[in-house]
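**Student:** Given next are the chains, with one letter for each unit.
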Amino acid sequence: MSAHQKPNQRPELAALDDATVARALTRMHLIRKFEEAAEASYMRGLIHGTMHLSIGQEASAVGTTLPLEAHDYILSTHRGHGHCIARGAEPKLMFAEFFGKETGYCKGRGGSMHIADVEGGNLGANGIVGGGLPIAVGVGMSIKAQKNGRVCMVFFGDGASNEGAFHEALNMASIWKLPVVFVCENNKYGMSMDIGRAMAVPNVADRASAYGMPGHCLDGNDLAGVAAVAKQAIARARSGEGPSLIECKTYRWRGHSKSDRNLYRSKEEIEEWRNQDPIRRLEDELKAHDRFDAAALMKLEEDAQREIDAAVEFARTCPDPDPKDLTRDVYAL
Amino acid sequence: MPSDTLEAVSEIRELSYAEAVREALGQAMEADERVFLFGEDVGVYGGAFGVSGDLVHRFGKERVIDTPISELGIAGAAVGAAITGMRPVLEIQFSDFVTLAMEQLVNQAAKIRFMFGGKASVPMVVRLPGGSGTGAAAQHSQSLEAWFAHVPGLKVLQPSTPHDAKGMLLAAIDDPNPVLIFEHKLLYKTKGHVPAEAYRVPIGQAAIRREGSDITIVGSSIMARKAEAAAERLATDGISAEVIDLRSIRPIDFTTIAESVRKTHRLLVVYEGVKTMGIGAEISAMIAESEVFDFLDAPIVRLGGADAPIPYNPVLEKAAVPQEDDIVAAATNLVRRGEA
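Read top to bottom, the protein sequences are chains A and B.
Note that UniProt numbering numbers the first sequence so that position 319 is 319, with each residue one more than the last.
Note that UniProt numbering numbers the second sequence so that position 49 is 49, with each residue one more than the last.
Bound-form chain A, shown alone (with noise of 0.2 Å):
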């Protein structure tokens, strides 16, 4: 921390030291870099299947993932550019993966949509809605089994929250006393039908005490707010006490997809939401605290964008997969 921060510091934010905030805005520049360089790409034709971008959300990646050890394991959706990369993965390898190149995270078979990193412990993102929900009850299984310490972190949209994975994951996560913590990105839209029409409580919060676990509502672009839950409940995850339930108010301010053409909410609402930009925010009251200069918040998104370019361009002159290896990695030997 630097010598000459002011006080009145949020000790949520006081609680991150210089070096962790940095490494929390470096990754959440990349994420931003990343999905901005994916749009351009696609609008390049560089890419051919279809992408959701999470620009606006990167908080709520980064935040709940920062407490976590080098360890512990996430399942991520298909929203899930930013999970992978706040959990450290290589921009160029999802790049390569993204362009469908046999270097790739996936080797090209997955894509977008499918981005893992099993030995990073990224479990991987998940094209269905609630897909890695009962998915993480395993984990925590396996974790409890084989009595390693480790969390299971599982993200989720709020239209995951209607699906029936979710109520049965939750439940049997919680009579488990599993290690897991489950993250609700509650970006207010699933596709296009907005929570308030979907759900009937107000927050997806609410429904964790049907399953008798601690259910935090937060402001999702929040990054020092969201770090101080996650850290709680990874606490409460990995000392046995079971899972919690984490949801981050946020928005996606592009569309759901590429097919979207925003017909279900309106430019002020939009507007609205990149005013409470999670990166200038942070960056805001870092300044505001004397904690970081101007041109050193400068650097660091300097260097995520140099990151980002030189990941692009790596992709670009990678190999495309050999078609006679179309049904190699059906089944394992």
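Mixed in with the good hints there might be a few duds.
Stated by the list, open to error - As a list, the in silico PhoX-like pairs of lysine-lysine whose alpha-carbon atoms are at most 20 Å apart:
id	chain 1	residue 1	chain 2	residue 2
1	B	Lys119	A	Lys101
2	A	Lys267	A	Lys188
3	B	Lys119	A	Lys324
4	A	Lys144	A	Lys177
5	A	Lys177	A	Lys231
6	B	Lys318	B	Lys189
7	A	Lys144	B	Lys318
8	B	Lys61	A	Lys147
9	A	Lys177	B	Lys61
10	A	Lys101	A	Lys324
11	B	Lys318	B	Lys275
12	A	Lys258	A	Lys188
13	A	Lys287	A	Lys299
14	A	Lys92	B	Lys119
15	A	Lys147	A	Lys177
It should be emphasised that the hints constitute simulated quantities derived from the structure, not laboratory data.
Based on the hints, put chain B in the right spot on chain A.
**Tutor:** The following block gives chain B in isolation, referenced to the frame of chain A:
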């Protein structure tokens, strides 16, 4: 005791199909602490069909786990445990209830390895008691194995004898892929020779149950047993039937079937699942597309389940799936048509 005496004891040792499955589960759990069982009422209740029996008392509640009635959830839990180093064996109480777990089995278990570029494996086993004949009606009597055989990434087995029930389950637990084992409920009480040691029956190999020269009858699950009984009767009628027990429908042992048809020149396929779009269609097409087609002296015939849900009334229930008499009649027609 001299070893030849031990062998003699082993040779006459008989277990029921359910006991054979339980013995395999117990031996797998003894040998490998990564193996655990879970499902609805598999603990103190002993399983709806008594298969898990006393295993909870031998291995404890941590390894024989009663679950809530949440088929989707427990199927997903099996996936999660499998990809993180365990060897889960899940029981779906009635195979019909697997309809509630399709998402996790078809979208997740079957595809994770492929989607992740071969960087994960999903070594899980799902046991599914299925089939008709118990008066349980349309939602507790189906034979859904062909659905899953349509999914690359899954393996699908249908052992028909106590011997295979044990050996194939142990092979499935060893296998690094998701394996579904459909166990016909009417087979649970049937008895047969089961060696005491932990042996494996390889996945993907059909068994020739009876050699013959006039017709090949391929049966899966209980239909292999009915085909064997039918072949006895056909023999007294002067018809020599070769009976092949399919045992594994994905992967399927086309070689054994093709070699048999090359010899007998006639093929009858018998299975309990709905005939339309079923196992028989695949086997018929594989023969029709192969050079063995030229050896056929008669059209291929399929006997399968009726195009109807399984009815409650016992007369209707019997009529809905192939019976021994149907197999005898179909085989006789096939063999005699060439002689007319």
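**Student:** Of the hints given before, which are not true for this structure?
**Tutor:** 7
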